[in-house]
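Engineer: Which chain is which? The protein sequence lines are A and D, in order. Residue numbering for the first sequence is 371 to 529, as defined by our numbering. Residue numbering for the second sequence is 5 to 824, as defined by our numbering.
Quick caveat, the hints were computed from the structure, so don't treat them as lab data. A portion of the hints provided could be inaccurate.
Which chain D residues face chain A? A few, computed with CB under 7 angstroms, are given here [said to hold, decoys possible]:
(1) 39
(2) 49
(3) 635
(4) 638
(5) 641
Built from N, CA and C at the ideal position, the CB exists for glycine as well.
One letter stands for each residue in the lines below.
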Amino acid sequence: MVTVSMKVNGKNYSGEVEPRTLLVHFIRDNLKLKGTHIGCDTAHCGACTILWNGEPVKSCQILAVQAEGADLTTVEGLELEDGKYSIEQESFREHSAMQCGYCTPGFLMMTRYLIRNNPEMTRDEIREQLHGNYCMCTGYQQIVDAVQDAQRKFIKSRK
Amino acid sequence: MSKLSTQEQVTAHSESSFSAKNVGKGVLRFEDLKIIKGIRGYADDIEFADQHYAAVLSSPYAHAKIVRIDVSKALQVPGVILILTGKEIKSLTNPMSSRAATKSPTSHYILAVDKVRFMGEPVALVVAKSKYIAADAVSLIEVEYEPLPVVSSIEEALKKDAPLIYPELGSNELIFDHFEFGDVNKAFKEADKIVKQRLKIQRYGSTPLETWNVNAYFDKTREELLVYATDQQPGRTVQSVERTIKIPASKIRLIVPPVGGGFGNKLAIWHFVALMGLAAKLCGKPVKWVQTRMENLYAFHRPRGFMDAEFAMRKDGKILGVKLSDWQADGNWPYVAALYSLIKFANMSGVYEIRNLSFEYRSVATNDPPIVQDRGVGKPFMSFVIERMMDIAADELKLDKIAIRQKNLIPTEKMPYTTASGEVYESGNYPETLRRALRLSDYNLKREEQARLRKEGRYIGIGLAEGIEPGTSNLGYYFLSKADQPDYNGAGQMSTVEIAPDGVVKVNMNGPEIGTGHVTTIAQVVSDVFGLEPSEIVVDASFDSTLGHLTYAGTYSNAFNDVYIGAVLKASEQLKNKVLSIASSVLKEPKESLFLKEGYVCKNIQTAEKLLSFKELAKISYGRLLSFPKDQEPGLKVVAAYVNPTAKPFVRSDFNVQLTHSNSVHVCYVEVIPENWNVKILDYSIVHDAGKVINPIIVEGLAIGSTVSGIGGAMYEEFVFDEQGINLSLTFGDYLKPTAMEAPELRIEMMESPAPNTVLGTKAVGEGGAITSLAAVAGAIEDALKPFNVRITELPVTPEKIWNWIKQSNEFKRISGGVR
Chain A
371 MVTVSMKVNG KNYSGEVEPR TLLVHFIRDN LKLKGTHIGC DTAHCGACTI LWNGEPVKSC
431 QILAVQAEGA DLTTVEGLEL EDGKYSIEQE SFREHSAMQC GYCTPGFLMM TRYLIRNNPE
491 MTRDEIREQL HGNYCMCTGY QQIVDAVQDA QRKFIKSRK
Chain D
5 MSKLSTQEQV TAHSESSFSA KNVGKGVLRF EDLKIIKGIR GYADDIEFAD QHYAAVLSSP
65 YAHAKIVRID VSKALQVPGV ILILTGKEIK SLTNPMSSRA ATKSPTSHYI LAVDKVRFMG
125 EPVALVVAKS KYIAADAVSL IEVEYEPLPV VSSIEEALKK DAPLIYPELG SNELIFDHFE
185 FGDVNKAFKE ADKIVKQRLK IQRYGSTPLE TWNVNAYFDK TREELLVYAT DQQPGRTVQS
245 VERTIKIPAS KIRLIVPPVG GGFGNKLAIW HFVALMGLAA KLCGKPVKWV QTRMENLYAF
305 HRPRGFMDAE FAMRKDGKIL GVKLSDWQAD GNWPYVAALY SLIKFANMSG VYEIRNLSFE
365 YRSVATNDPP IVQDRGVGKP FMSFVIERMM DIAADELKLD KIAIRQKNLI PTEKMPYTTA
425 SGEVYESGNY PETLRRALRL SDYNLKREEQ ARLRKEGRYI GIGLAEGIEP GTSNLGYYFL
485 SKADQPDYNG AGQMSTVEIA PDGVVKVNMN GPEIGTGHVT TIAQVVSDVF GLEPSEIVVD
545 ASFDSTLGHL TYAGTYSNAF NDVYIGAVLK ASEQLKNKVL SIASSVLKEP KESLFLKEGY
605 VCKNIQTAEK LLSFKELAKI SYGRLLSFPK DQEPGLKVVA AYVNPTAKPF VRSDFNVQLT
665 HSNSVHVCYV EVIPENWNVK ILDYSIVHDA GKVINPIIVE GLAIGSTVSG IGGAMYEEFV
725 FDEQGINLSL TFGDYLKPTA MEAPELRIEM MESPAPNTVL GTKAVGEGGA ITSLAAVAGA
785 IEDALKPFNV RITELPVTPE KIWNWIKQSN EFKRISGGVR
């Protein structure tokens, strides 16, 4: 067992893990943050997407020990301090961009990254950027709508 | 059912006091408020104290004898508390039997006993104190196999000397049957042309992003098995688990939390509920099993197969008769063998008048993995066959593809229409759906554009399909093939509605919520009964077998809109009636003068004078029993069951497989790129008629989503096996799903032809896209490849297949200058 320490959603955590423990298992089983999901085990589906120092990563492909000292954000960290929904959350809800919702946390994290790093994306570019996140329910149309809307809201919030 | 009795239904339901205020509105889903915070509460998010974990050892062979299993090393791993193999299973459990097939094997258990029949079949189960230890121990189990000859195709399976999947049956043919309606021979004699084609379907399937989960705990103090599972059909699971592991159904509490996608894939989970239930009982610890994605891809797909179709055509395009011969490789899962074929009766005639029809089918056991009732079951392939045959007939008769359809569409004045086999199309306007789709898709403009672009050397195609989307299974038809009395027939559900002691209206539809918006939809319906806002209704998103349910409770067969809404509405109206009776007695006001609004019993429609709050009413009804009316029973809780009244009992000459029939037209516009033979969908239009729509946002989302799942089946998805039956598609790197990059932008328009035989006029919506899209996509690609003279008779249409079809053509020689 080894001790790992990291910042998750602004709070410092440390825990005892076997060195082989996957980061996604550490988040779900040790930290009990159940919003990050496992969908494929092989980095294709993106249900486990979190932000690592602001960059999206698939937490099923990373060991918890690799995240020593990292600053992570999971879906539980999106909500604002006053309990208001974030731009990404609002856009996904307003556009009904989910059905079973199992993929949604991964899409929300990817959206947070995309709108901050490439706010001028076209619809086709959004589709390309989302190809590492699978949704088996919606057919993606409302998800693309939601990301576009989040883009607009983000740009507006900066003005 | 005759036309008359349908009309009687209309009268019966119009007497309901229901008035729509929130029904029909695009209310944003309440489910989403939890989902966007990551607190939906899926099965894997739930943990018992002292939680233990299970892992499964799967067979690496498609067909082999199990010579020896040695678990001694695995048992020595610290933390391992239980290992089960076929030996224990054979002594402790009953084998599973067929639901529809006439022959039932006696050797198929929830873990392989003596023999494995498909790659991925569970061979052993380990329970340990962590998921990592369980996986370690699985890898230390030693199994000696003796490979057996693999049966991988229908043709091989039916050979006289074929190795038998179930030797006790004496044959790999699990069922063969033949039906004939009208005078098929006469139709074929009178035909100007017989159009014949064999059409094939590959193995593919839905892959919900949440895999199967079971978490079981046997509580010794109550002698009760408590299970959380991602189960789409929990009512039936309880029955099957009782039969298999011999725990009485009354001692099984099965809870289904919100499910991360169903699509039918989770209808087969019951044998893992049985396995984990048994393990939990034996080890005394709560046992959680979370299926890996690889395990999810091993098995439980749609079956592969083919159908020989013959259409007897008059030269003007009129269909005189149809012969269909269906061959289905149902793998080895006797439980649902033949279901894919039987369900095809629901849309066998498509949207057309076909009075002379024969259908024969075979369900064949092979070393393919098991099948499950995946989205639409046999309906997508049936629709693919009919609509492809319409295109092929148009080609052979040199007729226009729209004109040949218009010639055969069931005229609106003949609705409700009974098909040759007895299926009742209760509502719909097929010619109008087609007209609107041609308009929505700018069909004529597209034809012009196609001609223009073809001159520029671009390969553009338009495909059109009009499909029936049946919903609400009349389940007894499985037993068309069986002489004995079915466990299930008809279609109904049971739900509970209450005003809780705090005055809040609560609903438990008691079915799994698989992501299709049940919570919001029900809140809309119930709010209208009680004069509340949808947000004020508390709707439970889970199933609990200790609450009122019928034994086939579950979310499947496109039936929510019909029987669950029926049950919820019935319970709501009974409760409302009780509320008004109590209020009338307490307030000493005539019952007819009272109504419900904003959480109050009110009188005087103009002023809506509030007389008694639900909260106060609940206090009286639950606690102040001396001031409670003597002719009423205390409490404000109603459990009601609703049965769709139009399910017919089964006779071979006249039966209805499903009870509602939505319809849609899909128009697909594609370009085939000759550089790499990739297909790009440029435009996709859908006109969808699902009857009365309760929430247009939800319905539109389902129509779009199911269409993209169908596009996956049409262009990308196939489970590929080598000649030894080894599944080569065990990650999403090999089993290709459409991503946001492949999915097209869809245009969608709704029509509403209300069903006369559902309480609100609703019809099915979850499967339609998956049913109708296959032929629309294939038709479009074929149309684009017209210069290459290609006929598309199988799916998925991949670039590799296109290349193989076109490389010998003159057109290819022309454009490539003879270079290969």
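Engineer: All the hints need checking, so say for each whether the structure fits it.
Structural biologist: Hint by hint, here is what the structure shows:
About 3 angstroms separates the beta-carbon of residue 39 of chain D from the nearest beta-carbon of chain A, less than 7 angstroms, and the hint is met. For residue 49 of chain D, the interface hint holds, the least distance from its beta-carbon to any beta-carbon of chain A being 4 angstroms, beneath 7 angstroms. Given hint, residue 635 of chain D at the interface with chain A, is violated; its Cβ is 46 angstroms from that chain's nearest Cβ, farther than 7 angstroms. At a threshold of 7 angstroms, the smallest CB-CB gap from residue 638 of chain D to chain A is about 39 angstroms, leaving the interface hint violated.
Against a cut-off of 7 angstroms between C-beta atoms, the interface hint on residue 641 of chain D is violated, since the closest Cβ of chain A lies about 30 angstroms away.
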